[in-house]
Amino acid sequence: GSYCPPTTFDLSSPDVFDCHSIVDVNADNSTWVFYSGSATYRYNSTNEADDWLFSPNVKLEAGKAYEFTASVKCSSSNYPERLEVKAGIGTTPDAMTIEVVPVTDVVWSDPQDVTGTITVPATGIYNIGFHAVSDADMNRLYLYNYSIGQGAKLTAPTAPEDIVVAPAPSGDLEATIEFKTATKALNGEALTGDLTTRVLRNGELLKTVTGKPGMLFNFVDKTVPEIGTYTYTFETLNADGDAGLPTSVTV
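With the working numbering, letter number 106 in the sequence shown gets 392, and the count goes up by one each step, no holes.
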């Protein structure tokens with residue numbers, strides 16, 4: 287069997303971890319294990335990491351871009367880790383030919399998201415590979431969960447550009463929001479026709495605007511309920527109603 291997006295793999299469950307496969311390329315017995323409610327790479331005192339954790343089978347379609355997010359951390363900023371994420375057909379290192387997240391230094395000791403986009407050349411069954419490539423004698427790299435979004439057509443718009451969300455400096459319960467509508471589709475082609483952009487605050491629709499590609503919009507959110515942290519999400523649809531990948535700003 288295989289999973290279909292949107293899907294999330296919660297690696298706090300040992301049963302979910304056991305659905306994954308592991309390749310210890312340098313055969314040093316320092317590799318991915320289930321530890322402390324996560325998939326964890328454990329360091330080797332002499333060898334650099336070269337260890338893969340492969341997902342279960344996931345069905346992906348050509349002509350779509352899938353939003354990818356993974357929650358990771360290191361043990362301590364004094365012991366930074368390093369990770370890349372790839373995709374391919376099969377659970378071998380050689381099969382991992384599609385870059386999802388480039389080699390990234392994980393220097394934070396509280397879980398944070400790394401993000402990327404998955405596109406595939408042909409519809410089929412794929413696997414996601416998490417490649418630990420940390421220096422020798424670090425500590426532990428933790429992977430808590432990862433998700434693959436529903437997917438957007440490659441002809442759908444990219445996210446809005448030049449997004450600014452500025453809380454009122456006076457401490458008033460409001461924020462000024464500014465952005466330009468997208469100018470290109472996910473496949474890189476120039477957009478034409480009207481675009482509809484929806485702005486959400488913590489998942490609740492705040493405003494909908496329509497305009498040409500590259501048009502500047504700004505407005506003030508005067509409905510902030512209380513002082514705190516808020517996530518503003520922007521998603522754009524083309525004239526055919528095809529939604530692009532959302533993007534978010536937290537303030």
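Calculated directly from the structure, the hints in this document are not laboratory data.
Note that the structure is predicted; figures quoted are calculated from it, not measured.
A few of these clues could be false.
[Said to hold, decoys possible] Keeping only pairs whose Cα atoms sit at most 27 Å apart, straight-line, the calculated DSSO-like set for lysine-lysine is:
id : residue 1 : residue 2
1  : Lys493    : Lys508
2  : Lys466    : Lys350
3  : Lys350    : Lys498
4  : Lys470    : Lys498
5  : Lys466    : Lys498
6  : Lys508    : Lys498
7  : Lys508    : Lys470
8  : Lys470    : Lys493
9  : Lys439    : Lys508
10 : Lys493    : Lys439
11 : Lys493    : Lys345
Verification of the supplied hints:
no.: 1; hint: Lys493 to Lys508; verdict: holds, 12 Å
no.: 2; hint: Lys466 to Lys350; verdict: holds, 23 Å
no.: 3; hint: Lys350 to Lys498; verdict: holds, 23 Å
no.: 4; hint: Lys470 to Lys498; verdict: holds, 11 Å
no.: 5; hint: Lys466 to Lys498; verdict: holds, 10 Å
no.: 6; hint: Lys508 to Lys498; verdict: holds, 26 Å
no.: 7; hint: Lys508 to Lys470; verdict: violated, 31 Å
no.: 8; hint: Lys470 to Lys493; verdict: holds, 22 Å
no.: 9; hint: Lys439 to Lys508; verdict: violated, 34 Å
no.: 10; hint: Lys493 to Lys439; verdict: holds, 24 Å
no.: 11; hint: Lys493 to Lys345; verdict: violated, 34 Å
In the structure shown, a violation is registered for the earlier hints numbered 7, 9, 11, in ascending order.
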